[in-house]
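Chain A is fixed; fit chain B onto it per the hints.
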Amino acid sequence: DQQVKQNSPSLSVQEGRISILNCDYTNSMFDYFLWYKKYPAEGPTFLISISSIKDKNEDGRFTVFLNKSAKHLSLHIVPSQPGDSAVYFCAASDPSNTGKLIFGQGTTLQVKP
Amino acid sequence: DAGITQSPRHKVTETGTPVTLRCHQTENHRYMYWYRQDPGHGLRLIHYSYGVKDTDKGEVSDGYSVSRSKTEDFLLTLESATSSQTSVYFCAISEQQGIGNTIYFGEGSWLTVV
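Residue numbers (the working numbering), protein chains in the order written: chain A, 69 to 181; chain B, 713 to 826.
These aren't lab readings, by the way, just hints derived from the structure by calculation.
In this text, a Cβ means the ideal position worked out from N, Cα and C, and glycines have one as well.
Fair warning: there could be bad hints in the mix.
To be verified - Only pairs whose alpha carbons sit at most 25 Å apart, straight line, appear in this in silico SDA-like list of lysine to any residue:
{"id": "1", "chain 1": "A", "residue 1": "Lys73", "chain 2": "A", "residue 2": "Ser96"}
{"id": "2", "chain 1": "B", "residue 1": "Lys765", "chain 2": "A", "residue 2": "Ser164"}
{"id": "3", "chain 1": "A", "residue 1": "Lys105", "chain 2": "B", "residue 2": "Val800"}
{"id": "4", "chain 1": "A", "residue 1": "Lys105", "chain 2": "B", "residue 2": "Thr717"}
To be verified - Which chain B residues stay away from chain A? Per the calculated CB distances, all over 10 Å, these:
{"id": "5", "residue": "Gly728"}
{"id": "6", "residue": "Gln737"}
{"id": "7", "residue": "Thr738"}
{"id": "8", "residue": "His753"}
{"id": "9", "residue": "Asp774"}
{"id": "10", "residue": "Tyr776"}
{"id": "11", "residue": "Ser779"}
{"id": "12", "residue": "Leu790"}
Chain A on its own, in the form it takes in the complex:
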């Protein structure tokens, strides 16, 4: 039972345009969410996070939006750059307070020059 889902395996956008990556979750107890970025042959790196008391968090070109009623979050990258091409993972912090993260399947973003 996949509690965190990224239903789009891949996304291709033109440089300079907006990239929108989506994530859905099923457990209403999740209260903290993170996005990670992963380049080939490297480990995932933390990108941005949001807690359930907010509906938006922004860090430079990256903004994460949270819609708790829809159990949906999205990552917006504006403007997209070729260096943003990577796999993006959405994750939720396990509410059992073990520090565990539950990840989605990942979305591969390709930004074309």
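This is chain B only, laid out in the frame that chain A set:
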């Protein structure tokens, strides 16, 4: 970069042999994790540790065991490797739990079981 070192980085082994992957951290973080990454599955938790000698199972723990005898080291053992355990294995660490918790990952260990 988080001070996490995984070894070996690449290994090819035969079915039925035991394999141990090592994770070493220099951050003195309490929590350590082993994840595996497979196409279509994202990152799945194998085992985690919340202190020295304190470990627990994740969602895909069958066929794996772990040990943590020191804060800085977390070992993952495949007791008898199978082809289904061919994967990329990531160690991760975190300082705290709950809201605000960020997990930092190592660079990965590529394991092929033939």
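Hint numbers contradicted by this structure: The structure conflicts with hint 8 only, although it agrees with all the remaining ones.
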